[in-house]
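Engineer: Given next are the chains, with one letter for each unit.
There are 2 protein chains.
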Amino acid sequence: SYIGFNEWESLIPLMITSFFSFIITLRLIPIIKKTTRAAGLYGKDLNKNNPKEIPEALGIVPATAYLVTLILTQLFYASDKNSQVQYNSAAFSVCFMIFLGFADDVLNLRWRYKLLLPTIASFPLIVAYSGTTLIIVPEPLRIYLGKAIELGILYKIYMMMLAVFCTNAINIYAGVNGIEAGQSLVIASAALTHNFIEIFLHISDDIYKQHLISVSLLLPFLMSTLALLKYNKYPSKVFVGDTYCYFAGMTFAMAGILGHYSKTMLLFFIPQILNFLISVPQIFGFFECPRHRLPHYNAKEDILEPVTKHHTLINLILWIIGPTHERELVNILIILQIVSCGLAFYIRYHVSSLFY
Amino acid sequence: SYIGFNEWESLIPLMITSFFSFIITLRLIPIIKKTTRAAGLYGKDLNKNNPKEIPEALGIVPATAYLVTLILTQLFYASDKNSQVQYNSAAFSVCFMIFLGFADDVLNLRWRYKLLLPTIASFPLIVAYSGTTLIIVPEPLRIYLGKAIELGILYKIYMMMLAVFCTNAINIYAGVNGIEAGQSLVIASAALTHNFIEIFLHISDDIYKQHLISVSLLLPFLMSTLALLKYNKYPSKVFVGDTYCYFAGMTFAMAGILGHYSKTMLLFFIPQILNFLISVPQIFGFFECPRHRLPHYNAKEDILEPVTKHHTLINLILWIIGPTHERELVNILIILQIVSCGLAFYIRYHVSSLFY
Ligand SMILES: [Mg+2]
Ligand SMILES: [Mg+2]
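Taken in sequence, the protein lines are chains G and L.
Per this note's numbering, the very first residue in the first sequence carries number 230; after that it's consecutive.
Per this note's numbering, the very first residue in the second sequence carries number 230; after that it's consecutive.
Each hint should be verified, as a subset may be incorrect.
From the structure, some residues in chain L lie toward chain G, with a derived Cβ separation under 7 Å [unchecked claim]:
(1) 268
(2) 272
(3) 275
(4) 313
(5) 318
(6) 344
(7) 345
(8) 348
(9) 514
So these bits of chain G aren't anywhere near chain L, every CB distance computed over 10 Å [as the list claims (entries may be wrong)]:
(10) 303
(11) 332
(12) 340
(13) 373
(14) 390
No lab work stands behind these hints, which were simulated from the structure alone.
Please read these numbers as outputs of a predicted model, since none were measured by experiment.
Ideal placement from N, C-alpha and C gives every residue a C-beta, glycine not left out.
Based on the sequences and whatever the hints tell you, model everything.
Structural biologist: Written as structure tokens, this is what we have:
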């Protein structure tokens, strides 16, 4: 067994701890933002007239609230050794990522560390992954590959790459007010919806329990993100930092892995995958890669214009829709994320049923 | 069973990972010290003529090396669910403390967080503590209390207080070059000696295995501390920061708890306990408490003099032995730590046998 959930009412402690992570984040950000500002952690908001100095790395507040909540949640739900392993390894992985994210905010780590360290941080999670490494082959390919393939170590490498991808994908789909927390809120909501569908369907006890674990990892995340978004949405009063992006990415990776729905989780990352594919030629140095790849701010008209030399999804969208005000652009990006998640559900529940 | 150790040769992977933490720390400190300096993390060395700006918070290097080592060690030794719970909860607790320590270095947290957060960080460890909460009563008290008392929740509160004490005790016994890493090196060596004595005695399989767990937690710590000390010893080229002090304190607390020898561990903290008792009236505000409670630096003669208004063990020792050069003072403090650990062994193996 995985977790001490039996009935719906057993979710009450989780709701209380999640609410706690919301309140703590809401209350502490106004206090801690003065501290981060005083410590020299701030950034200029380049897409504004008269750019102000905005306190940076405020992701440490929801991240710390989340870790505390995870500890408290564990007291209620980790009733046996197996669930304790899953909780603690997941908590260790996400805590290590949060620490590295904050170190990145303070020290500006190099790219090699950004790839190496999430790989290592995902180890405890992958060691604790107790599921099968067998994958079911889609119908049309079965004549070539058979009904299932044992991936073994390859599957573990896939999970590590998932952790590295998730942590970096959110970090590079950034640059306009509220996009980091906004995209994460939509992904978390979609994943929770998927979890609740599977809990409702109750196809098997194992699947039921795996999705309940995922709920216990994502609900406090959603609530702390909601509180963060209050301060991070346009016009941003705080910036979230690498801390938040790494925190969010690792949380999604571990929910997908421990919930055994990593492929569905990847479907919720369609805009991030697109952004990654568009960015790849620059990140790997085929084109010159400037440090910031923001759109151009037209201060006179207070709008953002595409920069074709900056290969990101945001610039591509601006190129398609034309110069746009930042607030409107963020809304469009969030709607795109929601539509992508809708498409993901269509693929997961309709298209995939044609192949399996 | 706790851990996959059976024979002495099974310690070889641990020795390799510990050596790895030594090498990584040794190699990375000269690189990362430039990064922390560039990020504005530095302090003036007040006990020197022409004080230089010394890179601060370099504890992040041995701490990160240690966490990576712990993950790698787990791959070799955590063969069953029980040992995985112990490893991951310990790793989560220490990782959370390292994150908070680094946050403290960057943000200068308030005292209430310094007491609250280690308490919460110790939760996973205490949940995972699978031992008895029964304590054996010393002979002379048995007529009043009986042979053993079931402490239950009180014992868990004691373990939390141990975590809070260890993390803060090392942090406040500081202020001269190399004392943080130096005292930790001596304590770790003493604890490892105790572990090896108990492993050799092999009184019961449980005790044997508990001390082997402790070895696997302390050996990589000792090795990364050794590399840190190369740069931190008088005259310091780097400062260790709250990061290192919290990291060291939590490592000792978890080794003592998971090794089931927390009372013996406390005996190795005699100078820290003395310093804590001397400091208590100032810390809790009965006397005015200045932010730094250093000795007075006599620049003309390049010696340290006691400041009677600063209630610390270091000032008390200076008051007893008279003004002393910093290098000599640190050597005296380290010798005091070694002598105290010798006394601890005498109490543990001789005096306590009179009472139990
Ligand atoms: Mg950065
Ligand atoms: Mg501090």
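Engineer: Hints first: check each against the structure and report whether it holds.
Structural biologist: Hint check results:
1. Restraint check, residue 268/L versus chain G: the minimum CB separation of about 5 Å is within 7 Å; hint holds.
2. Taken as an interface hint, residue 272/L does not check out: its beta carbon lies about 14 Å from the nearest beta carbon of chain G, beyond 7 Å.
3. The criterion of a C-beta within 7 Å of any C-beta in chain G is not met by residue 275/L, whose closest approach is roughly 21 Å, and the hint is violated.
4. A hinted interface residue such as residue 313/L counts as satisfied when its beta carbon comes closer than 7 Å to some beta carbon of chain G; here the least separation is about 5 Å, so the hint holds.
5. Interface restraint check for residue 318/L: the shortest CB-CB distance to chain G comes to about 5 Å, inside 7 Å, so the restraint holds.
6. The interface hint given for residue 344/L is violated, since its Cβ lies 14 Å from the closest Cβ of chain G, which is over the 7 Å cut-off.
7. The interface hint given for residue 345/L is broken, as the beta carbon of that residue sits about 10 Å from the closest beta carbon of chain G, more than 7 Å.
8. A cut of 7 Å between beta carbons decides the hint on residue 348/L: the least distance to chain G is about 10 Å, and the hint is violated.
9. With a cut of 7 Å, the hint placing residue 514/L at the interface with chain G is violated, because the nearest CB-to-CB distance is about 22 Å.
10. Some Cβ of chain L comes within 10 Å of the Cβ of residue 303/G; the nearest lies about 6 Å off, and the non-interface call is violated.
11. At the 10 Å boundary, the C-beta of residue 332/G falls inside the reach of chain L, the nearest C-beta of that chain being 6 Å off.
12. Non-interface call for residue 340/G relative to chain L: holds, since the shortest CB-CB distance, roughly 14 Å, exceeds 10 Å.
13. Under the 10 Å C-beta cut-off, the non-interface status given to residue 373/G relative to chain L holds; the minimum distance is some 35 Å.
14. The claim that residue 390/G lies off the interface holds: its Cβ sits roughly 17 Å from the closest Cβ of chain L, which is beyond the 10 Å cut-off.
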